[in-house]
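Colleague: Sequence:
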Amino acid sequence: MARIEDALSQLPQITPMLGLQGNGVTQRTEVNLRKLGAGRTLTLLNGQRVDNDVSIIPGALVERIDILTGGASAVYGSDAIAGVVNYVLKRRFNGIVLDAETNAFQHRNDNRAILDAAKEAGYALPPRNYFGRSDEYASLAAGTDLFDKRLNISGFVEWSHIEPIRASSIDTVACPLLMNPPGVKPVRNDHWSCNLQDYSRYGQFTLGNYATDFALARDGSRAWRTYDPNDMIRTPNHDYLQRADTTVTAGAFATADLPGSLRLDASFLRTHFRQGSQKDQSNYPYFAEGASITCDNPFLGRQQAEMLCGEAAGQPVLSDPVSLQFWRPAMPESLVPTLTDWRGSAQLSGPVTDKIRFEVGYQRSRNSFSNQLTNVNDYTSGERLPRGLQVRNVNGVPTCLSKIDGTDPTCLPVDVFSSTATLAPEVWHWLTANGVFHDKRDSEIISGVLSGTLEEYGLKSPWAQSGIGFALIGEQRRIHIDSGGTEGLEGVHDYAAGARVREIGGELDAPLIEDKPFVRSLSVNGGYRLSRYTTYDRLVPTWKIEGSYAPVEGVRVRGSVNRAVRVAMLERLEAETYQGNTMALDLCAPPRDGSTKTRYTYEQCQFGGVTREQYEALTDYHGCDRNGACPGRLIYGGNPNLQPERGRSYTLGLVLQPTGVPGLTGSVDLYDIHVEKGFESARWEMAFDGCYTQRVSFWCSFYRRDPKTGVLKDIDARWTNGGDVHSRGVDLALNYALDPKKIGVHGEIGSFAVSLNGSLATRQDYQIAPGTPMRACSGYFGFLCGSPTPKWRHVVGLHWRMPQDRGGIGLTWRYTDAVRLTTVSRPVDVPFPLISRIPAYSYFDASANVRVTRFLDLRVNVQNLFDKDPPLLETGAVWNGFWNTFPAYYTVTGRVIRAGLTAHL
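Heads up: the sequence shown at position 120 corresponds to 106 in the numbering used here, and the numbers run straight through without jumps.
I should point out that these hints are in silico values taken from the structure, not numbers from a laboratory. Hints may be right or wrong, so weigh each one.
Subject to a maximum C-alpha distance of 20 Å in a straight line, what follows is the list of computed SDA-like cross-link-like pairs (lysine to any residue) [what the hints assert, rightly or not]:
#: 1; residue 1: 389; residue 2: 303
#: 2; residue 1: 76; residue 2: 124
#: 3; residue 1: 135; residue 2: 335
#: 4; residue 1: 854; residue 2: 797
Taking the hints into account, I'd like the entire structure generated from these sequences.
Modeller: This is the structure we're talking about:
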């Protein structure tokens, strides 16, 4: 299984994953069940906790993936609110197996809507046909039995290499789409056009005393001329559509049968990957808003100094505020994420009595992630550039004023006053964010289980043959986190913290009636777990009650009620991080003169805790802009007061395996999951309106003011318990395996199988904070609903198996229901005719495999068989997305062709 995320993303119960798509998405590839959030899905490896990251799972060793949906914290502990994903690896292995695979992408660039828009905007068009090799994979596994099969040892190594794909190669992402031509009024959103990704060699300068903007002289002289929009040069979208990646995973396993019927299992796994992401920054300007320039700046020409400073030209004073922006052509933003994950474990198990067994286990792991960032043009350039423009000669050497007065000893002069001037690499390095972000997580788990059945002790129902089953569980988990950044990553704060949880629990399974008329079986199951966290001052209980009833053979009804939790670890442990000069709306202070905004009354501000004294003192405050935004210090990171999330889930299902139709199985399961006090990153931009306009007290604690002056000091953007999520739906599964001989067909024609896995989402509601609208997102996309939540998704498989298991052919149909643009937080006066609805989408995949010899199997697989284009959407206006579509749901890269072999040596 070379790409586990591809296989999981096809399942309708799992939110599709981006995998390696995107140029900035460089974190872990997480499984998200029921679209409830990856943090509410617990992942296991051979039944033991692991980080929710598909990239650390060795695909070559995966025997199966067990998925349990619904709350399961009573059995597995915190985080199992949406469900559990357990990767089961092959443990006892004999022989040598070599597996290799390669794939290629093929796409016909013939989408006229975007090609015409790109041509109209002056973009270079992609080639008519795209064909590119992207992915190579190989694995070698070997194992053997020793000492009369009392010991089995095995090991493996797995390697994969993925080439990047540039957006300029694919038509549907050749340019960022708009639904309205830039600058055209009124906004009708009925015509596809390209957002202008362009730059100018001559910059753009706005001087306060002039009605027009200016640009640098074309001949390189230090002079300004009137700005000309024709100076702009269109640049293709060379961003990485798919990141480069090289991954090596290796591991070893040992299973030993010891005296006394004891068994020892041990394993060690190590994964290392290095990725490469690139984003073209040519069209992202370096800017300075309201900056003052030294009138004696040695880089200024005479004309520039006189236009800027008038009679003060050449004098040691500062100019009036100006705004400017300039570009750096062919400057790629580079991100190089690297991850090393290792984990070792050992379990000892054996009998206590004939019916009772024990198991004790120990696991130690370390997950080290780092990200090397180069040429990141972020807010730091907007803060540093103004300092680099305030320059004066010191002994003939241009020197920053901030370096002279010691406020910024690192400042370097920036010469942006000639079109032929070239900034030195060290100046670019100072202007941009460069450095390494690192995150290391150590964990240790000690566990013990005592389980069995109690019929020997007479503990069983008088109407059942089987005794009561039980399991007693004890577990201790430790986690330590060390995270931070270096050099220019000013938004990253170093922190190190740890936590511990100790848990005890139990589970009882009681068969009540067996083999009676109209009661083939009736049983109940209950579980309870009690947890103590060092990050939380109360015991955390979870529980479950389950039941199963089979009136006759082949028919079973099942149901459950679960109380699950998610206790904050990272969200509480993170250190506070501060970002100064963050502009936040505060109309309790007067906006700047000329504003169309109106200051709130004292009665309005009083609700948020503003006193009469503070309100009157704010009358003389002039620090806010014309939009009513005032500077404050943004505080984000961990919140030690965060309470546990609590989830309640209900399930009711019917399982059918009719004896009259051999090979047919089916199930229908209803689910209802409600999460309260959900963790939410603080939406501080909504705080002022939420508190002072909507009068919801939840928002009022976000603003912290000076106790005397009332001036905004801090904006609390830490994690909150404001979320509420409710998911409800129905899962449907059907499988039918047909042996032609059983229906009277003679001859060797093989066997057939058909399967259906579908999920109907009847409710998917989100609330980010009290007092905000409950977002009903089932069947919708966009704005506050974000990515699509189709009411129905399914995958249908049809497979023919050759006689004597010599190979087979398969066809898969993947279906995603239509979704409509949500009306939640949607502007009522703006039409969206182009994206009012995404139609239903069907993708077809084909596969074939053949056994060439007893030692060699060949296979081929084609995904998106008919090279279907994704739906086109505008990037940015409706959601914070990219690639003109939702690439996790709709294929962007065209047809994927895979070929592989498996050799048994």
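Colleague: Could you check the structure against the hints above and give me the numbers of any it violates, in ascending order?
Modeller: Violated hints: none at all, because every hint is consistent with the structure.
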